[in-house]
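Hey, can you work out the whole structure from these sequences and the hints?
Order-wise, the sequence lines are chains A and B. In the working numbering, each residue's number is its place in the first sequence (first place is 1) plus 126. In the working numbering, each residue's number is its place in the second sequence (first place is 1) plus 69.
FYI, nobody ran anything at the bench for these hints, they're computed from the structure. Heads up, a few of these hints could be off.
[As the list claims (entries may be wrong)] Straight-line distance between alpha carbons at most 25 Å, and here's what the computed BS3-like set of lysine-lysine pairs gives:
#, chain 1, residue 1, chain 2, residue 2
1, B, Lys-155, B, Lys-197
2, B, Lys-337, A, Lys-388
3, A, Lys-388, B, Lys-155
4, B, Lys-252, B, Lys-209
5, B, Lys-337, B, Lys-197
6, B, Lys-224, B, Lys-255
[To be verified] To spell it out: a stretch of chain B is covered by chain A in this simulated footprint if at least three of its residues, at any positions, have a beta carbon under 8 Å from a beta carbon of chain A; those stretches are:
#, stretch
7, 137-150
8, 163-171
9, 174-180
10, 192-205
11, 234-245
Note that the structure is a prediction, hence the values are computed from the model and not measured. The C-beta atom is built at its ideal place from N, Cα and C for all residues, glycine as well.
This is what each chain is made of:
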Amino acid sequence: MNIFYLALEQTIVFLPLVMGIYLSYKILQTTDLTVDGTFVLGAALYARSLSMGVEPLVAVLIALAGGFLGGVMVSLIQFKDKVNSLIASILALFILYSVNFQVMGRANISLQDNRTLIYLFGDQIILFMCLISIGLVVVILSSQLGLKLRGFGANKSLMQKITSNIEKFRMLGLGFSNMLAAFCGVLTAEVNGYADINMGFGMALTGIGSVVIGLDLIRRVYRSRKIFNVGSDILGCFLGGLTYFLSLNTLLRIGIEPINLKLVLGVILVMLLRGVGSSPLNKIGVNRE
Amino acid sequence: MSYKKLVHSCVFIISCLGAIYVNALSNTKVKQRTVGIIVPIEHQALTDIVNGFKQTLKQYDDSINIIVKNALGEINIQRSIIEQFKHQNIDLMVPVSLGTTQMAANLNSRIPIISLASKYDQNQQIPKNVAGVSDEIGAKKKIELLKAIYPQIKKFSLIYSGSEKILPEVEDAVVEANDRGIKVQKMMIKELRDLYSVSRMISDDSELIFILKDNLVASGVQTLVREAKKRKIPLMTSDECTIIGGGSFALGVKEQQIGIQGAKLAIKLFAGANIQELPFEQMEELTIFYNEVTCRKQELDVSRLKTIANNMQYSILSVTQSYQRG
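Dropping the structure here:
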């Protein structure tokens, strides 16, 4: 497969997770590593449901509900900022590891002999599912709820003056974010043909890198005066993921020694991030992190 | 025949002969075979398996191009490697471990796959393009050996991780031990850093520490060696690396042997066998590995160990830190 098409395909599968991280990292302005766990939870719930004879679409809904609950759990740990967001997500990851085991019943479930989405609807279902997740994010962020979620991230004190219970925005935001991660887990299990307890390794960090790089790329291209534009931000998430997978596949294709792969990939990402640092938008304080 | 016609006829015949010769040359030129090995993560045991495979295959045909790629534990990198091999249209994929094999088989149904060190569930159908070598030794054999060495043992502590291969083995080991009147303290770790805390929680009445062929636990074997030394109890493991690292004894297979057995399947394939005709083999030759220094400190009689190995028809091998594998 052509490098570009391969990267494109991988990005389509990965995009829900990048958008989930975008919700927590950029919109809620909180660091949430729970996605490493809810990604596996989504795949686990989906694979286990299928192995129990549940219809694929129902299995997807079960996985999404599981991911949402995972996000609710981490928001309850953080409740009223009593636990730092990073610590809370690490604790949630701890808990989710056991939960994922309980869900799967073993460490690896193969989907090979099951009626999966791809089996029923063909490969194009993955693109269709990805488009649904994009539509969901656009609808949420374009609504009043989206405005309040952004308000929660940008200025909690102000939000507290406007509405009495701001914790529900944290809960909903992290719920949606982790639901998208679980959805990515479902798509990954579909494409790879199995769910594995260790498949979430490195997902959050890759996703954060994709969000940061992608948003900067898109702002450089458009140089939009608008501070927030959901369409361009989602395009940015997509470009970030595509950049990561293009770099990864190109490095592998040109024969970089595997042992040095992460070093070279890391240097490329650092160079891109240094570029983010020199972005004019950063200088005027658009990125608040 | 005029001189001009003669020259034209000669040129024509020479051209035809030349074309036939060039065609014959191109037909006799054998296409170089390429084999792609996919390793999920960096680990000494996996490196030994790969080395065994490479050496055996190179002895068969030195011209075979063998590419080894390591996914460094990341599912995205693993997928890219498999797609790259597909793109290169290699002749054989060799994934190491079950997860890697599942992904390779799911993404590719055309290129034959010889899987190393993996085991499919009994109720799971092995894909048509997959053959391989399973490195699993039943828990029964390990518990039998343990009971033969320590007939009076009442309880041991089993430390394990959540890897896909390990959990069913843990359940089997507990059943086998209970059947022989031995209690088992099960202790699971999620990450390597948990190993220290878990090792401190080993019961005082535990008479032995036991680990399976578990890559995560094996990475931190030194923690268990120290704990076993402190408690003056033996550490039974399931592979040679952990015995070199200071464990007492193990029932296992030589890692290289897994690669060698896999390479023999690859040779059959290159000799013309159909991948669907090739089996998913079990390892046949089992070995008791022991660390002479540790055994001496724990007053474990090596000559008795040799007698037991002989009775149970296992080969026996002394390994220490100075021992060179392969």
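Checked hints:
1. Only pairs whose Cα atoms come within 25 Å are accepted, and Lys-155 (chain B) paired with Lys-197 (chain B) is accepted, the gap being roughly 17 Å.
2. The hinted pair formed by Lys-337 (chain B) and Lys-388 (chain A) fails the criterion: a straight-line CA distance of about 36 Å is larger than 25 Å.
3. Distance check on the hinted pair: Lys-388 (chain A) and Lys-155 (chain B) sit about 22 Å apart at the alpha-carbon level, within 25 Å; holds.
4. In summary, the hint linking Lys-252 (chain B) to Lys-209 (chain B) is supported, as the alpha carbons are separated by about 15 Å, within the 25 Å threshold.
5. For the given pair, Lys-337 (chain B) sits about 16 Å from Lys-197 (chain B) by alpha-carbon distance, which is consistent with the 25 Å threshold.
6. A hinted pair counts as satisfied when its Cα atoms are at most 25 Å apart, and Lys-224 (chain B) with Lys-255 (chain B) qualifies at roughly 11 Å.
7. A stretch counts as covered by a chain when three or more of its residues have a beta carbon under 8 Å from one of that chain; for the stretch 137-150 of chain B and chain A the count is 13, and the coverage holds.
8. Restraint check on the stretch 163-171 of chain B versus chain A: 3 residues with Cβ-Cβ distances below 8 Å, three needed, restraint holds.
9. By the rule of at least three residues with a Cβ nearer than 8 Å to a Cβ of chain A, the coverage given for the stretch 174-180 of chain B holds, with 3 such residues.
10. Under the rule that three or more residues need a Cβ within less than 8 Å of chain A, the assignment of the stretch 192-205 of chain B holds, with 3 such residues.
11. Three residues within the 8 Å Cβ limit are the bar, and the stretch 234-245 of chain B against chain A gives 4, so the coverage statement holds.
Comparing the model with each earlier hint shows a violation of hint 2 alone; every other hint is respected.
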